[in-house]
Amino acid sequence: MRARFMIRLASVALVLAAFCAGARLAFATETPDPVADAKAFRDYFTKRFPKVKLEDFVNGPYSMNEDMHKQWEEKEQFPPYEFALEAGKEMFSKPFKNGKTYADCFADGGIGVRQNYPTFDEKEGKVITLELALNRCRQANGEAPYSYVKDEMASLTAYMAFTSRGKAMDIKIPDDPRAREAFQDGKRFFYTRRGQLNFSCATCHVQSPGERIRAEVLAPALGILNAMPIYRSEWSGMGTTSRRFTSCNSQVRSVPLEPQSDEYRNLEYYLSYVSNGLPISGPGARP
Amino acid sequence: MASTIRVRATSNGDITEVQALIQHPMDTGFVKDAKGEIIPPHFIQQLTFEHDGKPVFVADWGAAVSKDPYVKFSFKGGKKGDELKIGWIDNKGATDATSAKIQ
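Protein sequence lines, in the order shown, are assigned to chains A and B.
Each residue of the first sequence is one higher than the one before, starting from 0 at the first, in numbering that gives the first Met the number 0.
Each residue of the second sequence is one higher than the one before, starting from 0 at the first, in numbering that gives the first Met the number 0.
Heads up, a few of these hints could be off.
Stated by the list, open to error - With a straight-line cut-off of 27 Å between C-alpha atoms, the simulated DSSO-like cross-links for lysine-lysine are: (1) K149/A / K75/B; (2) K74/A / K34/B; (3) K75/B / K91/B; (4) K66/B / K149/A; (5) K31/B / K53/B; (6) K69/A / K52/A; (7) K100/B / K88/A; (8) K31/B / K69/A; (9) K52/A / K171/A; (10) K149/A / K79/B; (11) K46/A / K149/A; (12) K66/B / K88/A; (13) K91/B / K78/B; (14) K75/B / K74/A; (15) K69/A / K53/B; (16) K99/A / K100/B; (17) K91/B / K69/A; (18) K69/A / K166/A; (19) K69/A / K34/B; (20) K149/A / K100/B; (21) K74/A / K88/A; (22) K71/B / K34/B; (23) K78/B / K74/A; (24) K46/A / K71/B; (25) K125/A / K38/A; (26) K125/A / K99/A; (27) K96/A / K69/A; (28) K75/B / K34/B; (29) K74/A / K171/A; (30) K69/A / K93/A; (31) K66/B / K34/B; (32) K38/A / K88/A; (33) K38/A / K52/A.
Simulated from the structure, these hints should not be mistaken for lab results.
These numbers were taken from a predicted model, which means no experiment stands behind them.
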């Protein structure tokens, strides 16, 4: 009797072990499927917010709340990012010491190209964001790089976004396993909980868009980067995607990574790709 | 340097609506910089909008007004094409002024 029981127990254990091994194997070989991911991502938001027009998601909290939408429309007549935009335009056309300009570093002279960033550089095997490309452009021309989070960088990206307004986000994932891995890595970062509060990006921006977090209305993750850079009243100034990532991470009481670290670049790649087709609305203004 | 003042004034025949955005740090004098040193107070003390030689809007401001302030108001008596003069003076004595046509 006892012996038979032991055998049965052993076989149950064996089956369990086999199941676990199988599950682990499945995770390790999990094949990234960006196209299906992007479709599922978009469907989730459009189903959850049937009244919100697809192109309106890029307006973040204003797409979630009618009162805020009205306030914002008024604000847009005289937006707070105007000064940054003007400064960015001036900086963009001003030549470096060697006579070259930013326009020499970008396709189409850098006008109307925001929707193509971040791109995947197959030579380097890494994701190149717009901010990174701008600083590399500076360094290649013998200029000191800018801070990634605000001021000059935000002004430059504000101008570049402005020239691309209305164009659909168009991120490409080349047929390269490293590109798919970068996408997958960004996805993993997006859904991984971190910090003392144990929040993932998705906790707020997928589970709870439209809900309040303290006095703020949370923006949906769909199209969230299309509005970058943003003027935030809370910051009394402009901030880049890097600033948004680092400040989100510290708000959940985790230690933020370095701006433009591989993880953030992959995250931007993922988040931009799943918002493909939605218009660029940057620079944005947020409470 | 470009003007620190952006103005837009529109008339509907009876009422002129004015919007303005001013670039100014509006430092309160209570904030410390990254090195831990107090940023000295630096804010606009008076903002004036003049129409036809007469002030139509005067604001006595202090440190409590936010950075890059935005103002909106309306007044009666303006016509399309009239000139509106705008100027500010801050606590360091700096000034800026501009003018705009009512549209």
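Cross-check of the supplied hints:
1. K149/A / K75/B: At roughly 41 Å apart (the allowed maximum being 27 Å), K75/B and K149/A break the hint.
2. K74/A / K34/B: Violated, at about 34 Å.
3. K75/B / K91/B: violated, 33 Å
4. K66/B / K149/A: holds, 16 Å
5. K31/B / K53/B: Not satisfied, since the Cα-Cα distance of roughly 40 Å exceeds 27 Å.
6. K69/A / K52/A: holds, 16 Å
7. K100/B / K88/A: holds, 25 Å
8. K31/B / K69/A: violated, 36 Å
9. K52/A / K171/A: Since the Cα atoms of K52/A and K171/A sit roughly 24 Å apart, the hinted pair holds (cutoff 27 Å).
10. K149/A / K79/B: The hint is violated at about 40 Å.
11. K46/A / K149/A: Cα-Cα ~35 Å, so violated.
12. K66/B / K88/A: Distance of about 22 Å is within 27 Å: holds.
13. K91/B / K78/B: violated, 35 Å
14. K75/B / K74/A: Holds, at about 23 Å.
15. K69/A / K53/B: violated, 34 Å
16. K99/A / K100/B: Outside the cut-off at roughly 39 Å; violated.
17. K91/B / K69/A: Status violated; Cα separation ~37 Å.
18. K69/A / K166/A: holds, 24 Å
19. K69/A / K34/B: It is violated: about 41 Å lies between the C-alpha atoms, which goes past 27 Å.
20. K149/A / K100/B: violated, 34 Å
21. K74/A / K88/A: Status holds; Cα separation ~21 Å.
22. K71/B / K34/B: violated, 37 Å
23. K78/B / K74/A: holds, 25 Å
24. K46/A / K71/B: Distance ~39 Å between K46/A and K71/B Cα, so the pair is violated.
25. K125/A / K38/A: Since the Cα atoms of K125/A and K38/A sit roughly 24 Å apart, the hinted pair holds (cutoff 27 Å).
26. K125/A / K99/A: holds, 26 Å
27. K96/A / K69/A: Violated, at roughly 45 Å.
28. K75/B / K34/B: violated, 49 Å
29. K74/A / K171/A: It is violated: about 34 Å lies between the C-alpha atoms, which goes past 27 Å.
30. K69/A / K93/A: violated, 37 Å
31. K66/B / K34/B: The hint holds at about 21 Å.
32. K38/A / K88/A: With Cα atoms ~36 Å apart, K38/A and K88/A exceed 27 Å; violated.
33. K38/A / K52/A: holds, 16 Å
When the structure is compared with the earlier hints, violations turn up for hints 1, 2, 3, 5, 8, 10, 11, 13, 15, 16, 17, 19, 20, 22, 24, 27, 28, 29, 30 and 32 and for no others.
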